[in-house]
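J.: Hints in hand, dock the two standalone chains.
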Amino acid sequence: MVFHLDKCIGCHTCSIACKNTWTDRKGAEYMWWNNVETKPGTGYPTKWEDQDIYGGGWEKTKKNPKLKSAGKKKGLGNIFFNPKLPAMDDYYEPWRYRYQDLFDAPEGDDQPTAMPVSDITGEVMTPKSGPNWDDDFSGSPDYARKDVNFKNISKEEQEAMFMLERMTFFYLPRICNHCLNPACVAACPSGAMYKRGEDGIVLINQKKCRGWRFCVSACPYKKSYYNWKTGKSEKCILCYPRLETDQAPACMHSCVGRIRYLGVMLYDADKIKDAANTEEKELVKEQMDIYLDPFDEEVIEQAKKAGIADSTIEAAQKSPVWKFVKEWGLALPLHPEFRTIPNLFYVPPLLPTMASTANNIYESTSDSLWDSIENSRLPMEYLASLFSAGDKEIIKQVLKKMMAVRIHRRNKTVGDMPADESLKALKDTGLTEEIADAIFRLTSIPLYDERFVIPPAHREEAIEMLQDTQEYKGETGLGFTEKPKRGL
Amino acid sequence: MSWIKDIVSPKTRHWEEFYRNRFHHDKIVRSTHGVNCTGGCSWNIHVKDGIVVWETQALDYPALESSLPPYEPRGCQRGISFSWYLYSPVRVKYPLIRGALMDLFRDLKKEKGNAYDAWKALQEDPAKRERYQKARGKGGFRRLNWDDALEIIAAANMYTVKKYGPDRITGFSPIPAMSMISYAAGSRFLQLMGGVNLSFYDWYCDLPNSFPEIWGEQTDVAESADWYNAKFVAVMGANLGMTRTPDVHFFSESRHNGTKTVVFSPDFSMVSKYADTWIPIHAGQDGAFWMAVTHVLLQEFHHEKRVPYFIEYTKRYTDSPYLVELKELDGKYVPDKLVRANRVEKYVNIENGDWKFLNFDELNHQVVCPSGSAGHRWGSKDRKWNMKFRDGETDEKYDPVLSLLKDHDEIVQAEFTEFASSKTWLRGVPVRSLKTKDGRIKVTTVYDLIMAQYGVSRGLEGEYPKSFDDPKYSYTPAWQEIYSGTGKETVKQFAREWGKTAELTKGKCMIIIGAGINHWYHNNLIYRAGTMALMLTGSIGVQGGGMNHYVGQEKLAPVDSWGMMMAGKDWQGAARLQQTPIWHYMHSDQWRYDGNQSDYNTVPENDLSAQHTADLIVKSVKNGWMPFFPQYNKHNFEIIKEAEEKGAKSEEDIKQYIVDAVKSGDLKYTVEDPDDEMSFPRVWFIWRGNALMSSAKGHEFFLRHYLGTHDNAIAEESAKGKVNDVKWHEKAPRGKMDLIVDLNFRMDTSALYSDIVLPAASWYEKDDLNSTDMHSFIHPLSKAIAPVWESKSDWAIFREIAKKTSELAAEVLPGKFKDLVNTPIAHDSPGEIAQSGINDWSKGECEAIPGKTMHDIKFVERDYTQIHQKFISLGENVKNGLGAHGNSYESADVYEDMLQDAKHLSRLENKNYPSLKEDEEMCNAILKLSSLTNAGLSKRAYVNAEKKTGLSLQELGGDNHIHSVNFKDLQAQPRRYNNSPIWSGLMHKGRAYSAYTYNVERLVPWRTLTGRQHFYLDHEGYIKFGEHLPTYKPSPTPEVYGELKNSVVEGTAKVLNVLTPHGKWHIHSTYGDTLRMLTLSRGMEPCWLSEEDAEEMGIKDNDWVEVFNDNGVYCTRACVSARIPKGVSIVYHSPERTYSAPKSETRGRRGGGHNSFTRLHFKPNLLMGGYGQFSYHFNYWGPVGVNRDTHCVIRKMDKVKF
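Chains as they are written, first to last, in the working numbering: chain R, 1 to 488; chain S, 489 to 1690.
Chain S on its own, in the form it takes in the complex (with noise of 0.2 Å):
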């Protein structure tokens, strides 16, 4: 045995030192990345010599339970390139305008003496305005100073303001948990100005609409850890390797702890390497297996076996037992609305007797009216909001009917629709007879139209498949195969796989899911469709169970605090918050180039579904179900201000005044007239996003009627005709928009358009607080270093610009005036039970009446001489309470507390208040007033909680000591929050969240009609577009879609289905410029091709390609790899322009992004509103950016030019 020895000598390694001398580092800061990543990782910034040199993960996380592996480290590739970005040739130093423009305004401010009137004169003189607006993209910046930049922002503002109304002021930044201060800087400065914010996480596609559709909520997952727990899990549209970079070892982990793991991706993706099975489904036909699955688990687990587990989750926890009728449609039978019980003479006088509905009682088979309804929430009684198996009117206990197999009056042949072959089937339900104000009627449960639906016979006579292996019927495992490509076995496997692991563990199956399946046409019914599989299982609301949806960092734990404060609430009433799909749909003038939706939409035929989704959106408007700014076709205060010169005298009489008016027609709603000068959306802010390229769905038209500048587009209007409320110009404006301001670090495609370029302080340089669902904990930005160059913190820009804006006032707007405010019916607001079947006032099928049966109109008073220093305070209204999601809790002792405190207050008219001049007593008063990091706010909102359902729940708040942690105290350690009744996981003792552990172990209901997780979704509008029940529909296929109508198909070029699914080297298009990435990658983001489809095009690996539609095209290189399916496409979401773009051979000009080829396309039973959990919330509800479904023609270039 011997050892090794140095054999060099202890003197001639003292060059070692070269080594250490560069490791040495003189401090550390605790910061991370503001980036739409969902990752939320704290990191470690070193700091050496003043300068940032690289960053390391940060290991100090709060422990959770032993059992669970730890979250350390978290940090991607990407977070840990971001140091480059710091000192890069892309950062953005001083502030930019575009040349042009500062030349004309220059002129004119000489001529006119002053900012105001040069603005003015430059937006009134067409020619002028025209040719800065062509100039948009196409270079000549010029550094500018802070002063000018922000005296041209704010005469803007002011002029728009003054000439047609402040809502013609808007700014989108995204996913405000990523950075809350940063977002709230611009939300809260619009918001007091009146302007408008636009919603991003419906826009980007992330929103789950069948969230919303069955448990009333926007999103609620389990935390990664979670996953660790699971047994079972199935991986669809989520490629954890890629894009949950830090999360995917709990998914690795529990493999070896015996987990199995069957992934389903079209491409072998990064994830597919984990699973014990991959599955290459067909792109898109997830649904398709996922209907079989339940098929297979509704026949052998709940009808032959009759799990225990299963049945009484099912009973309990969904509304499977809750009574739909039967309706007779031409001479058929077909499923129509849940039940009301105040049809029935038992229940006929109760309060909000349309709001709550009926079970079968199994004890004396009568009817009950179950609490825990939406009009038990709503309703005046307290602690009736409640899943107890009680009465909800006589308190007596009652068990649910789950089914009426056993114990029916007749069986009726119902009929039942399959849209993939346009077939109708007519399938045998177990029904009763119930008696009824309107005369006898059938009824049966939502689970045996479930059972009929998905082709579980039970014995019963009808067009029922008589075996798995019937390809003829739906919703065999033989009749997806064709769908899915995936054979009847596999899905026989799975599904016995998954139902005996959720039996033996009561619930642990887990589908972790993501844009990969969120971003298809027909995202909702495939969600829907997998979460049958889990509902029917119980594996919702169970620790290592549950729909685990990741697609954007959507939580914003402290939602509470942060809501009031991000939208000015603290100061005034109602906001102006923007679904932005429709938005930019109308504005951008793609409703134009859109065909009818049922073209491409499988609906069944009715009067309804056979709209023009412009038409649509304009109903949505004007019954409250969707918000649309402008408003009016007019100056709000002008419209207020003619209201009083005819006499209102009260805000009732100027509702009133506002009723009859666009009854009349006198006045109109800009979203029937988009293309009219009053309609225009005029200045925009853009901040911590890449608004006009990343997200920009439709990008070309964004270029061609937002900035008036050129673009690549070549496809033809085709609404003119179809649409018959909105006006149709012979003419599509360009360029409506006056000014475009992006406040940013590096310049992107957005930088590269805007017209004023601000340089925004990255995330090394800002105090700030970030929070996600990927984990539990809150965690800060912050300043390793002070911002460099000229740059600023998105709180200190927006606070100047309110500044010089108030500032400019004070000498053209002085004085105070009413603004209106249209506001649509709101989900957890005592409204959201306002409509139960559609009628349109303005077609005369009933009364307009605000807040119900149209748009409510609130009153505002603004003042904007008065902005900065609102801005800069928290206003009194903290002290009337806080809350989310319909819960509240007591805030009026933390606002006096903080007003003790001498060294943090401001002054306005001569009062104090606490003061928010700066980014940390921002973060400081979020902290101090939520229920997530104020344990004796948790306390409190759970104490009114018991008030509501009758349940006991405050032991699982803090205690009653009113202490948070304060940002000082994050930058030291990440914290993990407390339970809170806003939020429907539970986290106490170091348990991992999962989603809807609250309502199921609590028994609080969810935020939905019946209370119940729904099955079945009754609302006329879903009736009528075939979408009440779990079901399938194809993709729509690219020749319906519209797309392709000019784009020549020539020698050896395809069309391929492109899809643009979250890559490897980029969040988004952040970080894909930095040379790291670019190094590791391919130096830009190519296009994925199959090895088949490349040789019919004649195409080799790293060759320059075309990809392109009617509406536009984006140039880059392929890459060819067996790994990518026949027929599909990937191009990684999202290049940017600004790197490696060379010009289009096909269009000529430089070719684009990913949205280059994207445009709107939506699903109309989406804007259905002021129904329960159908109304609308900001981020929460309407139609999505869907883009999955693109097709593009793919050909080789020949001569590549920059």
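This is chain R alone, in the form it adopts within the complex (with noise of 0.2 Å):
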């Protein structure tokens, strides 16, 4: 998965796709399996990304990586008792309106209104946290000053972001990573988590689930939520139905920015332990490494060795995650310091220059046309902490190829910068024409099946495993569903 931040909007519509589909019924008003954050910020739950409140993800070890506070040791002595878990005010309170006042309420001597009460206590009450409530904000003393991110910026340097010549906000739309090294499936002390072999998705079986909720604790995400009314815990579940029919998941399908997009990536399961178990610096390199070009002979070789479809290998060699991803080195992960090695990669944003005032008069000017992106509003450092895990180089280098196909393409359609500037800027980020015309189609003008390019599930054959599958197509949706039931 790929999302382009330099496109994002920050409407939410994905979140909503998604909360319409899955999450709208009691137990789950509180989750948003997708949401979307402003960054600067502190998201949601709030403050998610510090591990020292939570205890997410995983820790380096001489050998292996190990559970940062929920190992099976620890976390069986803390079974009853899980304190690194998020809490109700960590999330928000639901509330909902009274409306029937409105049409209930007799003849008075004021007009009637509909009073927002507490999901919870059912009481009149005045709302203090949302899932978005920082939506937008930026500078503002509770929320984006209390960003995380901000732990190697100086004092003098993260109010400067705040004024005027130097303010900015992009978005962060979040969904689980289905990463490769998940710290959640391995806290599940029911046995209930699992990855899909043929996907990659992640899973909280809802039958086997007993809601211990270290998934919630142990996802240094927090993309794992417990749901109260059924006593088990739900996570996205990248829209399976969906993509086994052969369309995007909610989320992607309605993201208007189209930012998203969806490809196989083959890769070596061997070098997960150690890749999640490196060097910090070494994080983003060793996850790279991990997956293989689709199109190496020997790859394929063994590819079909372990049974996998032509018709998969196809999509990954297909697949835009690939070229954005190891292609062209333009897309990273989201804290890969939580060592999980997500599967989702983000492009990150370009943002205006910065400007400066003198006597009140702001003054934003550049010597070309656009300015070095050392100039561009938000610190480095701020995006490497987290796409990065700290290094700074890796930042720049991808937004200065991002740079260079924009050079590159405005010498071609308007011929006011000079060539060997476009020369250079190609030069100096490795690119050739040719690979910045590709980055430059697959990021502006791709359709919906260049986007997402889904490998056929297969489904015959998944059913066969468990019933003729003959059988199965006379007799599906037939039966009694059921929903889950609290404990086993």
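Watch out, some of these pointers could steer you wrong.
Unchecked claim - Covered by chain R, according to a simulated footprint, are these stretches of chain S (three or more residues, beta-carbon under 8 Å):
(1) 572 to 581
(2) 615 to 626
(3) 855 to 869
(4) 890 to 901
(5) 1528 to 1539
FYI, nobody ran anything at the bench for these hints, they're computed from the structure. Remember, it's a predicted structure, so these values are computed and weren't measured experimentally. Don't be surprised by glycine CBs; every beta carbon is placed ideally from N, CA and C.
T.: Here it is in structure tokens:
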């Protein structure tokens, strides 16, 4: 999966597509399998990135990575008391309105209004937090300034970020990363969690789950949620019923900024353990080494031997994710230092250029049509804290490549930039004109089936393992559906 | 190398059915959202078990050119929340009535024996009337059955028609494009009745007056795919991420194709994130910045470099070579009117000579009369309306002289006014002496005037700036700093990059603009300032260029066929289409609270500019510039009866009788005395909109004067003694309206305050059509499920109202009646060349001639027993042809064809007509009869346009087959339109629609005086109000605006400029009350404050605050953020009173919404009429409901009480 943050609108259509389909029911009110955050900001649940508070993800040890706070032993000891769980205040107290009063209020001396009431207590309340409470906020003492990604940025520079000359924000949409080294799966005491072999989707078995909530605390992205009604935890299922029918997940289908890409990545499972246990500065590089070149003859041969369908290999070759992540090196994992090896990659945003003020007059000029990315409004340290475990060089390279593509395209479509500037920009970032055009095309004019290359699910084969597919054809849907019951 | 394997047994994965079962659905139906967001997105509605469960975007728009990003997906966070409404607790399920009204009515009905007499008795008993009026908005709703609801409505209709006349029945519904059949339902009913339709685009302040000023066009803009073609985009007053959510990808995608982006926004808005350069310009000061940009462009690209593309473009497509007289006034030369062709001997006797103009010819230095002017357009000779560089009289070729700089008789020091600092400059202008029938006059070109106005000296003597860095003289980059807060170096770089991009790409520079600019008092000037930079760089009418204004879903693409049906013109002639801003200003008595506009409007001092707006409105109505209903202080039927009694035999006689009566004062216009009982609007239908809240500028005055219920206004009346032509009553009436009926699917503020609420089908429950200017497809709303509970489609509701009203008419008002309809002088009609100056017949300045010096008077026959049958039948006037915007085509054969379809016929007086009974029949009639959706008709319209223009155009049309798409085709897939001459853009072969490409590529004139784009607006009123040249005027200051006189600023409270731009979690008020949007935001519409202001006021994030001024109060919570600039507060449009609204501490009652602190203030020069593009057309022209200049006191609330 790739999310192109330069294109993200922050509209939250994705969140609602998901909510309408999956979590619009009792027990799931507060769940946002897909949410969008304003950055800088504290996110949902609040400060989820701060593992000093939540203790999610893995730690490096000498040999194998270890769950940060919910290792099997430690976890079992805490099985009835899990102090690292986010509480309601970290999410929010869901509320609704007494709309019926508008219809039912008897004639009075003033106009009736629907008062907000708590979903928990039923009492009139003033909402104090929500799943997107600091939307579009940027600088504010309570939110943006408490963003954990500021830890390596000086106080002065932080304050400067909220002045007119540097003020900015961008959006960070988040779903389950369907990690290669999922902490949630490792932490589950019931064995209810698994990663599907055919497509890598991480799931919680709604029959087996016993609601211990270790997945909630172990996931450093806080993308597992406890359903108080069913007593089971639930999480993003990457819309497998849609994927199995060749449709993009609801959040991706509905992404009106067209920022989302989905495709197959082949990988070497042997390398996961080491990649998750490497030095911090090597994390991005090591993760990249896990992914296998779908055009490599040896990879293809091995894949076939392992029973990977030809159609899947073909999909891997057409994968937009492969291009953004490996071929072009434009997309990066979110917080690789959590060591779960997330499978969702982000193209970082280009932001407006910095300005200056003197005597209350604001100037924003540059030597050339576009300023250099060093003068972008967000400090590199900030983006590096999000996407490269602190390595500024990686971020700089990505942003430079994006600018090089823009310069190249400007040169081609207008011609007001010196040709040598365009060539130099490409050369400095290791791009050719051909690659730059390919990046431009997949960024700017991709069609639906170029953004989402979904391999056939071959459901007939999966069903065959349980039942004759022909029989299934006549029977499917018959029977009584049952909702999950508390406990086993 | 190893591969992941399933480590769990397939059997244990059986549970996965759990989520698969949830995803199964039974059917998918295509619909959309009929909300004024301009999105026009096609959606798939998923139905499971007969219940709408969710919606996903449709992805199947026909593809445009392969070089463009596709239109998929379209749809935003708001649209995808819509399914929440269907079964929600705000859904109106049954007809509702306020108990107080119901009890009074039922008792009287029992007493009188029938509904009509009961309604009459109720209205004629002031105590009873006041009783239910005072209960409005205060709860006490009761469920009613449909028959009883229709009975009361029919009684009110017929009582009003009989007692006062039909022009006291009014309806408001906005933006037909969003669901055009539903709009037409009410408008068709009203117009058949003789009622009044209120306009919306101007009322919403979405109409950019600069478009009619410059182009004679209401609005025409690029579809969003064309943004991608631009190479330099400036965005101002439009928060694309927020309000153009499904389109913004074209903008972000263009960046990666090498497009430079600059965003102007006082706050760091959602779209600022996409900017290469963000300019936090001072709120409302964009005009100053653009004046300076044009200064640089004129100096460097026009004067110094003389870029050939720019010069050629300016010569051919703008009024810049046209001659203007420099007139001596108080010893100084000032620019006056365009020189009329018939003033020179060569053209003295030509037809329409007052409406044809002059250029100098480069070849022989003599004057020529270019073809393509309004005089040619409406003349008797064909083939003269074009931009071919031919003399429209002699047909000789010519080459226009752009500037007299090289060839002049003298340099005259002419006076130019700078309104910001009230200074005047004497600047040298090259002139030639021209011999006219009134003697020799000094003339110059518009181009030379523009150079002088912008302060580009070109070596001429005078008070010109010496350099860009000279802050003393307008309009240099240094001059604008103090207003915009933006530095001169930024202006210079911007202008140079702009100019260079346009030069290299031949005009691929674009402005995307929106309500953030258009809602300012001086919006037309800011727009003109930006448009100058586009026109001077040849960036209008080219792909990737343009002034792209997106404020409201104004583009009803098939307006040719729809326009006829919505106004009932298939049956009858004149319609009553009201300019809403002036209607509300007068009827809701906001004029009484308004001071003299010249107190806050920066104008030169003269007899015209010094008047109170209300007086100027009276003039505009009498002169036929603006419509106003009701018309007279007498029943229209009575007036005709009187005329006939006094011997009038013909319609001409009746006209003369009326002219004499208004001249003598025996008959008065209601606009002269809006507070007289005979002037009140009585019945108000509201559908598809939130007329009492989200668009109700001066909401609290609506509550007071229309509804007669409680309000929170403390404003003082101040018009007494300032108005001369409007009668002053010491006590203003409260509760003018007898009955307010709201058709709604949700309990919004309008429903809450109405007398009767009728349950309307929602957007997933009816068949309808949707179009927008954001894309070039037409697509449907469809019934995914039948209307829920007792709701009905708008079409069905008005059909039922019509039926019940006709039935009652048979009892109380049978027979045929002659009605008279006052109509203003209309744009795009031959009448628009009516008044070359301002002369008021009522002041004896000219003769009163209907349709020429005054409004026209037309006659319509009404038969109230036939309203219903006419409503459901397509009348025979369709046979006379259709058209729009001055274009026409033949349609009789299509009508005949429709009569052959036996399944879809209706009967009236033993004759067959095409049936319009069902929603789908109405959809199909529109599709069949429109040039946009019927290719053969498009061809016919071009053939007719060829005759008018003498240009070759018909290859732009379709083939000759009369074949249209039908409603079911649209349900299968959205369809792209045909080219049609009724619109100014071209879209064949997959090219993206861009406005005015038809004009530029085909040389078809704009619908203006000269036929060219206008730099110069020479209407006498514009000269007197100081807006003939592009200029900068300062925003009105809060002190003189008069809205803070009685509002106390105590303790840490502060006065801030409160802006109400469009928000993220709602479209106006719709969606704002859904739990989804409330959960993702703050649970109400907050008030955004800067960190500095909040700190000074002791306000912390999420504290409760009051926002108030003399007009009213809004109570909410604060959002404190560094992205808001000091001095400004934002309350996104539009909160509702229906949720989370506590009581105000300062006023005691429940706080209102954002329109509680607004009140109407107009620019009177926008009232002008009868003059080319300055002529009335519904939603096209007139003052707009500005609101951006509003200031409020903001204070922290101590205690919050619901």
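J.: Run the structure past the numbered hints and jot down the numbers of the failing ones, going up.
T.: Hint check: 3, 4, 5 fail, others pass.
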